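Just so you know, the protein sequences line up as chains L and D, in that order. To convert, note that position 169 of the first sequence is 170 in this note's numbering; the numbers rise steadily by one, no gaps. To convert, note that position 201 of the second sequence is 190 in this note's numbering; the numbers rise steadily by one, no gaps.
It is worth saying that the hints were derived from the structure and are not from the lab. Computed from a predicted model, the values in this text were never measured in an experiment. Don't take every hint at face value.
[Stated by the list, open to error] Derived pair list, reagent style EDC-like, types lysine to aspartate or glutamate, alpha-carbon separation capped at 20 angstroms:
# : chain 1 : residue 1 : chain 2 : residue 2
1 : D       : 119       : L       : 343
2 : D       : 190       : L       : 13
3 : L       : 233       : L       : 217
4 : D       : 53        : L       : 291
[What the hints assert, rightly or not] A short list of chain D residues far from chain L (calculated; beta carbon distances all over 12 angstroms):
#  : residue
5  : 14
6  : 59
7  : 136
8  : 143
9  : 164
10 : 178
Backbone N, C-alpha and C fix where the C-beta goes; we use that ideal spot for every residue, glycine too.
Read off the chains here:
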Amino acid sequence: MKKSLLGKTLAELEVVVKDLGMPAFTAKQIADWLYKKTISSIDDMQNISLQNREKLGEKFVAGFSNHTQVQASVDGTKKYLFAAQIKKFVEAAYIPEKTRATLCVSSQVGCKMGCLFCMTGKQGFQGNLSAGEIVNQILSLPEREKLTNIVYMGMGEPLDNTEEVLKSLEILTAPWGLAMSPRRITVSTIGILPGMTEFLEKSECHLAISLHTPFEEERKKLMPIQNIFPIKDIIENLKKYDWSKQRRVSMEYIMFKGLNDTEKHVRELSRLLSGIKCRLNLIKFHPIPDTPLLGSEPEVMEYFRDALSARGITSTIRRSRGEDIYAACGMLSTKSLTESKEQDF
Amino acid sequence: MIKKIIISNTEIAGSVYVLSFKRDFEFLPGQVIGISNHLQEAPRLYSIASGNTEDVIRILYDIKEGGQLTPWLAKRKANDSIFITNASGNFISEMNEDACWIASGTGIAPFASMFFSGNYNNKLLIHGGKFLESFYFGNEFREKLGKNYVRCCTRETGDGVFEGRLTHYLKEKDDLNPAHKYYLCGSAEMVVETRDILLLKGISFGNIVGEIYF
């Protein structure tokens, strides 16, 4: 099976051309065709000699693949389905707004993290996406030219697939790649400490943390990862990092009725987040099947936002988008389409 | 990370090993340590499977095909070295509390640590595995837990062994106590599916604690 060129960094392309006995500058040319001109075939790489295109074509394909399905929400959000590996699929959500257009990309097929409130978590885990499969969601998007922001908040835990996610970020931000500003890209994590440390060292993109409650015992019930990487350790590490250079960390907080929306949560959030310059995004809970959780009322969310802001924590209520097509936060899933073996347990 | 000298590394079932090295640090039963083959390599996390007063630390692991660590680890012998991190994590079941421990495969490790630390009163242990040999530490569990040790086997049959997945066992079980705590450890699929069954059976999510290995 031929390998994909899409998803290779410039350094990796340099290895490819060297191995094929091609001039070193060809690597930059290939990157240009892949990431700036987004050609669909190696045959279209017109400034590479026919002989070298044939050599490349013997082992590689360009690697782009179009979406296989699209659903449109009444609010303008679109959910795209992309094939990833054999009989596996991921979703990406395109969210247009007045002044910007965001694409929410997936980094894994399914997810291993098992959060109680997340539809992707109920799917289980079927595999990591390669950098090429991540970047393809962006480059093959029909609205690609309108995109202003990328968020890694789709299916999967990005920092459980750190190597491929970092490669995709390099492709998105490098001058030889898409040359996007890292300040237009946000990677969201549940709080996998080693992956987060590596991400902060090797990338300049923004970071978002799925917080959801400041109390350890409560968080354990919502998010199994709390048993391994407690949120206090995550926050302590974030406090040591220098956030003064336009890089931003934000906290994601899905609001559950009677569970994490009380005055004591305001007080504890204020204590936990003191000393770290961050924004708290309050998110409406989108119920999933069989969930024991309920979403907070809109007026409770507003009260919560105001109470936090009064304590100096910049808080906003994130507008819910794409709920009618299951594209909203925590609703992405390809379980019915993805082939997975029943496991022995 | 700290360098450790391996005392033993034994294959106890197909592609499943128990590695041991000297214990010279404190930990809470249920905690994990990171293991690496090199100081510069990011460690992978494993639950400790031994008691907190034993002289050795035991780690239960299976070989992950194409994995960075376990194929290498399986080839280590006594006196070879590995690197470990401090123990960490919060997957803790209180001594003597009424609890049901549910594990699949090597997800038994944190419960083995609790058990070997003397925490087995008022516990029901349900373990799912493919083969009869998959019930690691089974003799020790059976001796102390008796009927409160349930083995669910998907591919073989055996005396006193439930035939089928542990999720099938739980679906058939109609005496789950909603006041007890439920601790789950295994793959994402196992934890999510088991949690859904427990919720449908009226167990509050507040009484369910999961640990997923990844």
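A quick look at each hint next to the structure:
A C-alpha spacing of about 12 angstroms is found between residue 119 (chain D) and residue 343 (chain L), which places the hinted pair at or below 20 angstroms, so the restraint holds. For a cut-off of 20 angstroms, the pair hint linking residue 190 (chain D) to residue 13 (chain L) is broken: about 52 angstroms separates their Cα positions. For the suggested pair residue 233 (chain L) and residue 217 (chain L), the alpha carbons sit about 8 angstroms apart, so the restraint of at most 20 angstroms is met. Pair hint residue 53 (chain D) plus residue 291 (chain L) does not hold up; C-alpha atoms about 33 angstroms apart against a cutoff of 20 angstroms.
The beta carbon of residue 14 (chain D) is kept farther than 12 angstroms from every beta carbon of chain L, the shortest such distance being approximately 18 angstroms. Chain L leaves residue 59 (chain D) outside its interface by the beta-carbon criterion, the shortest separation being 17 angstroms against a cut-off of 12 angstroms. Look at residue 136 (chain D): its CB is around 21 angstroms from the nearest CB on chain L, clear of 12 angstroms, so calling it non-interface holds up. With a closest Cβ-Cβ approach of about 4 angstroms to chain L, residue 143 (chain D) is found to fall inside the 12 angstroms limit, against its non-interface label.
The non-interface label for residue 164 (chain D) is consistent with chain L: the shortest C-beta to C-beta separation is roughly 21 angstroms, beyond 12 angstroms. At roughly 4 angstroms, the least C-beta separation between residue 178 (chain D) and chain L is not larger than 12 angstroms, which violates its mark as non-interface.
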